[in-house]
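In case you want the letters, here they are:
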Amino acid sequence: GAGVSQSPSNKVTEKGKDVELRCDPISGHTALYWYRQSLGQGLEFLIYFQGNSAPDKSGLPSDRFSAERTGGSVSTLTIQRTQQEDSAVYLCASSSGWGEEKLFFGSGTQLSVL
Amino acid sequence: DQQVKQNSPSLSVQEGRISILNCDYTNSMFDYFLWYKKYPAEGPTFLISISSIKDKNEDGRFTVFLNKSAKHLSLHIVPSQPGDSAVYFCAASGRTNAGKSTFGDGTTLTVKP
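Those sequence lines, one after another, are chains A and B. So for the first sequence, this note's numbering puts the first residue at 1; every next one is plus one. So for the second sequence, this note's numbering puts the first residue at 1; every next one is plus one.
For reference, chain A alone in the conformation it holds in the complex:
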């Protein structure tokens, strides 16, 4: 596609439920990143993929968070047993490859855990 696409744009869920967030990167971009932005905060790195592998998962806040990428394209971020502190905007970005610092971001998924 022309840009990074994320879905859903908004997600409201109850505490304890699982959620899946989807990211479709720019066609041909091999590197994919997940960040999140809590209210009034900067962007917090979660995980990055090069192709289908995730060499760096260091930013995942707990084992309730996981992500996968298939076919070197679409990625899914899954949050299990959601907590209120998980409420944030989850941003996906892609780049043409590792070592390319310039990121192209999607519009994000606003997650609200009630």
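Among the hints, a few may not be true.
[What the hints assert, rightly or not] Using 20 Å as the maximum straight-line C-alpha spacing, the simulated DMTMM-like pairs for lysine to aspartate or glutamate come out as follows:
1. B:K112 x B:D31
2. A:K102 x B:D59
3. B:K5 x A:E44
4. B:K68 x B:E58
5. B:K5 x B:D31
6. B:K100 x A:D18
Keep in mind the hints are simulated off the structure, nothing from the lab.
We have chain A; now place chain B onto it with these hints.
What follows is chain B alone, placed relative to chain A:
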């Protein structure tokens, strides 16, 4: 410990004047710096960057200055326009983790007509 800091949460300037947004960092391993601009309900978009081998990079109305000894960079917008009103994020990365940028908390710029 926050490695990239934007100490001014907000800045307001008059249209046509200069906007100066500041950013400080603590990690001496950072060697590439970027500025992103973010409008409400949109993702950040890349604005301008600078490598540590330079002290200035200019692109139209936007200029980024880097002072390595002070671990400080700034973004100058001249002249400022109402459409520049947005949140500006400073980001830094190193050669060992390129793409895994560390972001500041952002500065909200308001340009008044």
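Unmet hints by their number, sorted upward, for this structure | 1, 6
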